[in-house]
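Residue-level listing of the chains:
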Amino acid sequence: MTALASAEVIIVGGGLHGCSAALHLARAGVGAIVVEKNYVGRHASGVNAGGVRTLARHDAEIPLALAALELWHRIGDLVDDDCGFECHGQLRVAENDGEAASLRERAARLRALGYAHERWIERDELFARVPALSRHCVGALVAERDGAALPYRTTWAFRRKAEALGQRFFEGTRVHGVGRADGAWNVETSAGRLTGRVLVNCAGAWANAVCTQLGEPVPLEPIAPMMLVTLRMPHFLDPVVLGTGRPLSFKQTQEGTVLIGGGRRAKVECDAETTELDFRELALSAQTVRDLFPVMREATIHRGWAGIEARMPDDIPVIGPSAVTPDAFHAFGFSAHGFALGPIVGRITADLITRGATELPIAPFAIGRFLPA
Amino acid sequence: MYKRLPDAAAAAPAVLLTIDGADFAARAGDTVAAALLAAGYDACRTTPVTGAPRGPFCLMGVCFDCLAVVDGLPNQQTCLIPVRAGMRIERQQGAAVFGPAAGSAQGPR
Amino acid sequence: MTLPERCDVVVVGAGPAGLAAAVECARAGAATVILDEQAGPGGQIYRAITSTPMQNRDVLGADYWHGATLVAALQGSGATYVPRAAAFAVSRADGGGFEVGVASGGAAALIRAGQVILATGALERPFPIPGWTLPGVIAAGAAQILLKTAGLVPEGPVVLAGTGPLLYLVAAQFARVGAAIDCLLDTTPPGRIRDAWPHAGAFLASPYAAKGFALLRQARASTRIVRGVERLEALGAQRLASVRYTVGGRATEIPAAALLLHQGVVPDINLSNAIGCDHRWHAARSCFEPVVDVYGATSAAGITVAGDGAGIAGAQAAEARGTLAGLHALAALGRIDAGERDNRAAEAKARVARWTRGRAFVDALYRPPDAFRMPLGDTVVCRCEEITAEQVIATARLGCPGPNQMKSFLRCGMGPCQGRLCGLTVTEMIARERGVSPAEVGYYRLRFPVKPITLGELASLPQTTASTQAVVRMKAH
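Residue numbers (this note's numbering), protein chains in the order written: chain W, 76 to 448; chain G, 5 to 113; chain U, 231 to 707.
To be clear, the hints were calculated from the coordinates, so they are not data collected in a lab.
It cannot be assumed that every hint is accurate.
As the list claims (entries may be wrong) - The calculated label-pair distances, taken between Cβ atoms and stated as ranges, are:
{"id": "1", "chain 1": "G", "residue 1": "Ala14", "chain 2": "U", "residue 2": "Arg664", "range": "55 to 65 Å"}
{"id": "2", "chain 1": "G", "residue 1": "Ala26", "chain 2": "U", "residue 2": "Ala337", "range": "43 to 53 Å"}
{"id": "3", "chain 1": "W", "residue 1": "Gly151", "chain 2": "U", "residue 2": "Ile423", "range": "55 to 65 Å"}
{"id": "4", "chain 1": "G", "residue 1": "Gly55", "chain 2": "U", "residue 2": "Asp572", "range": "38 to 48 Å"}
{"id": "5", "chain 1": "G", "residue 1": "Gly55", "chain 2": "U", "residue 2": "Gly335", "range": "42 to 52 Å"}
As the list claims (entries may be wrong) - Below, simulated DSSO-like cross-link-like pairs (lysine-lysine); rule was C-alpha separation at most 27 Å, straight line:
{"id": "6", "chain 1": "W", "residue 1": "Lys112", "chain 2": "U", "residue 2": "Lys441"}
{"id": "7", "chain 1": "W", "residue 1": "Lys236", "chain 2": "W", "residue 2": "Lys112"}
{"id": "8", "chain 1": "W", "residue 1": "Lys112", "chain 2": "W", "residue 2": "Lys342"}
{"id": "9", "chain 1": "U", "residue 1": "Lys637", "chain 2": "W", "residue 2": "Lys236"}
{"id": "10", "chain 1": "U", "residue 1": "Lys637", "chain 2": "W", "residue 2": "Lys342"}
{"id": "11", "chain 1": "U", "residue 1": "Lys441", "chain 2": "U", "residue 2": "Lys637"}
Idealized CB from N, CA, C, for every residue including glycine.
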């Protein structure tokens, strides 16, 4: 079969991580093709809550999140688009003394590790920053430089810049299989064969199909975290607010709509690419919001949705080289908190490809942690 | 402006309510949207995007242009709500305001 | 709101299709709940049938008053009728059947049902012209609703504009109550009759022909009709003041206090779309319709669509299709077998055939012209978010392939109406820019809730006592 197209690097998956890898490779002068079964940004990348946070990260993710945040604050330099990025900080509220104690301990522990990005604030400062918050809250951890951006616009901007720099995108093109021949990769797709020297797996909830083909299957779980959005309300909230004892991610957009997330899950059929909202779970989210923000009691819920994402059992992603084959790399499994990391993980992937190393600590994300010893 | 046909004027009892604080006699069976139009308000709100005036358009619950504040609750589709004696109707200015300030007539922009 | 926790059949919508379906199911002994967001039954075609102040039957006509028979049948059937209740979600229940989310007056509930019949009917096709968002501009069907529900008519000068039989019906009804219409601006292109001619035979043999000619006569007798209108604009500062129309390249401006717009009706597909039923683009009718069989069964087992929501065919066809959907549900529940279903369906199928004969002619004759389906310039396309035609076109030219992506760029379709008044326009405009069929472009991907609910209503739903679903947590390490 003659090849449909060839490039130095073939990237499976046109979400933010695939587009980011393509962009950073372009900046390094390396050609890439992104192959995407739907359209760029169709799934988790295009429909998530848009949180850009260093707050509340797993220890292993903190260095990546801090590096990503620096990129976010200059995102226009990278992709010629501000991506709707706004910085009003993120807060994680404690509703009682037990939660407060655990948050204060965390701040102290992070300080001991050399991280100062999470700071404990008491009630007075909390209510000055979030006047609409219920007065039963006792304090919060705040990350000042955190913010939020627009997920679909961001993914689109990375794609557009990568394309402007010469990368190619094949949308509506489904990968049927990957295999090696003569030291190169053959990626069989619905539109023909793509060939390349390096393979990158950014296939999100479908990444395990690629892993399995490579001979390193992983315990990936497709999940569908649910979101709700309201009709517009007058401005009452600047920072993004997270819950501690019960899941919540709460923000108000520039237009005045309010986004309610937190990770409660819809039912998901990964192969059919469908999700079904669970209204009983959403009722719990609604109660959390009602308790924390009394002004929201009669707010008009306008739409719910759920994006399809990949979760790993330890809630941190798989990033880095294949454990079993040369010239293959992974960036998937972001467990519902990969959006903020998009700009930096693409650079990590590009660095691994172009110079075999990255200065960021990615050992905890190695795929090998799932393989039998 | 709208006028009530003679058949209709006689047909049903009056329902006393207020629109932006002013008394108005609607008819039993009117929707709130019909009452607003009958009272001479062809705009029931201003949009949150540009502040443009809007009034009921489809009268059947699909256009969402008939939104107004009813008994303190904003974003109400007035074409779906039958009038009730003592009802407080207020035109909605811009984005919905909730809580104690809901329904305070802020006047057209 | 008193709702049973479970039933055999939930019918969404109490227009002719919903009423007939509910009656069929309830009479056969199936526990049937029929929901409607209006305060009274009848849908739109029989709106206010139990409460209208227009009691002189000559005004609204015999076709309207037929609705009273249907409502009487409902009252005797044993079905539970719940007014002012909006079905906002339909999900598959664990263990089979469905859960229907219902919101009513500050509370929400979930009803379990074995079968769900969607009878949400139609809405007027979007008619985007410059100034169509001005107060004083309403849909012609809306004017008819004001007449039916409240005996209100607009004060003049009143202008009717567009294409389609409803325009002539409204003109005739207004004439009967002595409400003046200054003119009817007909946008039906001259020569359209040629396109419709192949279907004329069926039309002439149908029940529509005699009614149609009579309506046309009444309309012509009561108002000045201007034919071949190519361009329409509603003008005014804070409200409508005048209408400018163009015929043969010449523009005329006339004062107007009310402009009543109409260019046909299209299925309301938001609920069937959000459920995930397959839909198809109907080229001759320029709209999306759910894919259904003769009983109204969709691609989602257990979900049936009856009435205009499955394809525009009018009230009588809707009633017959409601009967068919009811019979299908009874068979699916095991209350009757397939043989009995088919036997009992024969009469309703014959009625559907009788009342759909001649539709193709009407569809072709009154197909709205491109200029009024795909506007240009600063004409508002998305009323909720105030997005203009030139913004939509520019975004399509940037490479935006479809309406779902366009939502993320422009907020087009993200307002409260959930695309009901812009969806078809946006799909057709993108299709034209891309040079492909609207079928390929697709439609907005709708999600629940299909009608807004408040946070308080959502919070009042029953929850799992122990939430067995794992939650993606941010652990306090």
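Cross-check of the supplied hints:
1. Against the hinted window of 55 to 65 Å, the Cβ-Cβ separation of Ala14/G and Arg664/U comes to about 57 Å, which satisfies the hint.
2. Between Ala26/G and Ala337/U the beta carbons are some 32 Å apart, a value that contradicts the proposed interval 43 to 53 Å.
3. Between Gly151/W and Ile423/U the CB atoms are about 58 Å apart, so this pair conforms to the stated range of 55 to 65 Å.
4. Hint check: Gly55/G to Asp572/U, Cβ distance near 59 Å, so the stated range 38 to 48 Å is violated.
5. The supplied range of 42 to 52 Å is broken by Gly55/G and Gly335/U, whose beta-carbon atoms lie about 30 Å from each other.
6. For a cut-off of 27 Å, the pair hint linking Lys112/W to Lys441/U is broken: about 52 Å separates their Cα positions.
7. For the hint pairing Lys236/W with Lys112/W, the CA-to-CA distance comes to about 20 Å; that is within 27 Å, so the pair holds.
8. Among the hinted pairs, Lys112/W with Lys342/W is consistent with the structure: their alpha-carbon atoms are about 21 Å apart, no more than 27 Å.
9. Of the supplied pair hints, the one linking Lys637/U and Lys236/W holds, its CA atoms being roughly 21 Å apart against a limit of 27 Å.
10. Of the pairs offered as hints, the one joining Lys637/U and Lys342/W holds, with about 24 Å between alpha carbons and a cut-off of 27 Å not exceeded.
11. A threshold of 27 Å between alpha carbons decides the hint, and for Lys441/U with Lys637/U the separation of about 42 Å lies outside it, so the pair is violated.
Figure legend: structure checked against the earlier numbered hints; hints not met, in rising order: 2, 4, 5, 6, 11.
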